[in-house]
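Protein sequences appear in the order of chains A and B.
Numbering-wise, the first sequence is residues 1 to 439 according to the numbering used here.
Numbering-wise, the second sequence is residues 1 to 317 according to the numbering used here.
These are calculated hints, taken from the structure and not from any lab test.
Be aware that one or more of the hints could be misleading.
[Stated by the list, open to error] Which bits of chain B does chain A cover? Going by a derived footprint, with three or more residues having C-beta under 8 angstroms, they are: (1) 140-152; (2) 160-174; (3) 247-257; (4) 275-283.
Built from N, CA and C at the ideal position, the CB exists for glycine as well.
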Amino acid sequence: MQDFTRRTLLQGGTALAATGMLTGPALFDFAKAWAQSAPWKAEPGAKLTVMRWKRFVPAEDDAFNAMVAAFKAATGTEMNVFSESFEDVQPKASVAANTGSGLDLAWGLHTLPQLFPTKVLKMNDVADYLGKKYGGWTDAAAKTCKLGNDWLGIPVATNGGYMNYRKSALDKAGFKEFPKDFPGFLEMCKALKANNTPAGFALGHASGDGNSWLHWVLWGHGAYTVDQNDKIIINSPETAKALEYCKALYESFIPGTASWNDSSNNKAFLAGELYCTANGISIYVAAKTDASKKELAADTYHALWPVGPVGKPTELQLALPILAFNFTKYPNAAKAFVAFMLEKENYEKWLDGAQGYLTQTLNAYETAPIWTADPKNTVFSQASKRTLPASGIGTVGEKAATAIADFIVVDMFANYCTGAKDTKGAMADAERQLKRIYR
Amino acid sequence: MADVAIPRAKPQMSEASAWTQLKYNRNWLGFWFMVPAMAFLIFFLAYPLGLGIWLSFTDTRIGRVGQFIATENYEWLWDDSIFWLSVFNTLLYTFVASAFKFAIGLYLALLLNEHMPFKAMLRAMVLIPFIVPTVLSALAFWWIFDSQFSIISWSLKQLGLISQNINFLGDTTWARICVIFANVWRGVPFVAITLLAGLQTVSPSLYEAATLDGATRWQNFRYITYPLLTPIIAVVMTFSVLFTFTDFQLIWAMTRGGPVNATHLMATLSYQRAIIAGQLGEGAAISSAMIPFLLAAIMVSWFGLQRRKWQQGESND
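Kindly produce the complete structure, drawing on both the sequences and the hints.
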């Protein structure tokens with residue numbers, strides 16, 4: 001099914017780029033003016049091959065392709081853009097890094113540039129230029145891309161997930177607003193269960209949903225897989241507390257969350273069986289665009305993740321950094337393209353197209369029209385600010401990415417919540433696996 | 001004349017170069033004919049297999065050359081409870097599913113071998129589960145066993161038999177039952193149709209003779225059908241066991257190995273570790289660990305096929 005959409009996407013992309021050319025002369029005028037004044041002049045006859053992750057929303061892709069077309073027209077750079085599914089981006093980028101050919105730019109997930117710091121083009125000048133112009137980068141965004149003082153890539157955006165809930169159910173349970181701390185959140189989930197309007201969060205192998213909410217529970221209790229020096233500290237009293245808290249939550253959930261994958265909560269929420277979950281803005285967008293789900297859309301609200309006992313937000317949001325390889329023949333064109341994407345004239349339109357899937361990493365865009373166009377979008381504007389890097393407090397990089405991909409934290413919680421293992425056993429298992437990864 | 005002819009022929013023979021010998025010698029000719037097949041086998045079977053085994057002795061990650069680390073991957077897996085759980089799951093999955101597939105397949109084959117109306121159409125219909133792409137049927141089962149939208153739970157609720165959805169894929173036992181059920185559903189046609197083909201080769205005169213001697217239907221089956229069918233059964237079950245043991249798509253689409261790894265097979269765990277988490281070496285070690293099991297399955301049928309007892313159902317070996 002996905003391959004099918006990809007093909008149609010590529011066709012649709014070119015078609016849209018063509019219409020963009022006709023209907024968006026303003027964009028082209030801007031692009032031309034920009035290309036003349038920009039600090040990076042694309043090499044004559046430059047050619048860029050760009051790999052990006054496969055889009056969720058067609059409109060986001062359209063906006064992206066319009067930028068690509070404008071850049072091409074203004075600088076004469078030949079652009080070859082293709083997209084890969086989430087799982088395939090990293091392997092393909094790794095192979096390109098290894099063989100020194102095939103790609104010029106790769107737009108990937110998490111901390112991609114950290115995986116091959118010696119193979120990327122340093123982006124310090126681009127980061128400085130954009131940071132100065134647009135109010136600086138958010139902390140987490142900078143961390144995912146920086147090694148020492150060097151920028152290995154540019155954090156283009158964050159894909160945010162937040163609490164999705166049905167206001168009517170919360171009202172009925174006696175909660176005027178969404179709880180802001182962990183005990184309140186547990187109370188709410190219990191009250192929702194008592195009213196037969198349950199909450200539910202994935203405890204299965206859901207790479208996005210499962211990892212994000214369970215890391216939030218873990219970090220919220222001040223527990224981490226590894227410390228600042230990558231020493232493994234998962235086996236701790238804090239983790240035990242997190243497990244305990246999670247089990248209490250799990251018992252208040254809708255049955256079956258241990259089998260959930262990334263799409264399960266979307267389906268259940270849209271079918272009106274689930275009243276609170278954590279997700280990207282996709283549930284709301286789907287409800288909004290479906291005429292038969294008008295009431296559900298009107299009743300759906302978003303809230304920030306409650307703050308745990310540690311007293312500061314501990315969200316895990318998906319960072320989306322872009323990198324250029326240092327073996328590219330056209331480093332200036334690559335830098336110019338990255339900077340061009342993040343200019344206000346492009347970026348705000350792009351955020352708009354993404355309908356809330358993408359959140360800015362540059363502080364100035366917090367006032368982008370998308371966040372106020374619909375008040376329900378607003379919480380998503382915080383994603384890049386309230387997140388920790390995927391590694392928690394440890395060093396960002398390949399090891400942290402592996403731990404997430406192998407579901408170590410997810411399995412630890414699932415083992416304990418479903419009763420398959422006791423506290424010690426669940427923690428010992430996770431510890432053992434982490435030791436292997438961080439050896 | 002003969003005395004003259006031989007010395008003449010000799011120098012001719014010795015003049016033949018090594019190359020002409022290679023070209024015309026009958027033994028070498030056989031070798032040349034085998035070369036394409038050998039090249040095919042080496043490039044597409046032996047090389048990937050060898051590469052997989054080599055990778056399992058390294059710490060290769062995706063996109064990066066690894067170092068030789070001897071048996072470290074295996075030592076790690078030896079103490080890995082998830083790995084052993086996946087071994088247990090694989091064996092359970094293979095044995096239970098194969099047993100059911102054999103029983104149902106044989107039953108269906110016997111049934112379809114009888115004369116009945118719409119025989120051809122029924123035989124074609126039996127093949128349907130086999131024709132549907134695995135991923136599609138897996139997705140269908142995923143919906144059928146969904147924790148919220150299961151048609152089974154819904155029907156039972158409408159009938160008033162249960163008050164809450166059955167947690168099909170979220171409960172360890174249920175999840176195992178569900179994936180085994182899906183695998184049996186998918187695998188039965190292969191067994192049934194192959195056994196049916198075997199049944200058709202049994203000469204009707206044998207049954208006639210037995211019937212004249214007063215044999216019951218059960219005796220017909222036990223002493224004629226079953227012995228003549230054993231070679232086919234051996235082949236079919238070998239394939240069935242191999243396919244089941246290495247199954248990947250059904251599990252991946254339905255449970256991704258969950259809940260809490262209760263349905264992780266060696267193949268899915270290998271994929272998760274090697275491709276998703278990027279640890280190619282460790283994933284390769286898990287795949288390589290499947291080889292002894294598969295070899296054992298092949299050996300059983302191979303030696304079974306060699307034995308006359310198996311082939312003819314007689315007591316002489």
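Hints, one by one, checked against the model:
1. For the segment 140-152 of chain B, the assignment as covered by chain A holds, since 4 residues bring a beta-carbon within under 8 angstroms of that chain's beta-carbons and 3 suffice.
2. Coverage of a stretch by a chain is defined here by at least three residues with a beta carbon nearer than 8 angstroms to that chain's beta carbons; for the segment 160-174 of chain B and chain A the count is 8, and the condition holds.
3. Residues of the segment 247-257 of chain B lying with their CB closer than 8 angstroms to a CB of chain A number 3, which satisfies the three-residue condition for coverage.
4. With a threshold of 8 angstroms between beta carbons, the proposed coverage of the segment 275-283 of chain B by chain A holds, since 5 of its residues qualify and at least three are required.
Comparing the model with each earlier hint shows no violations; every hint is respected.
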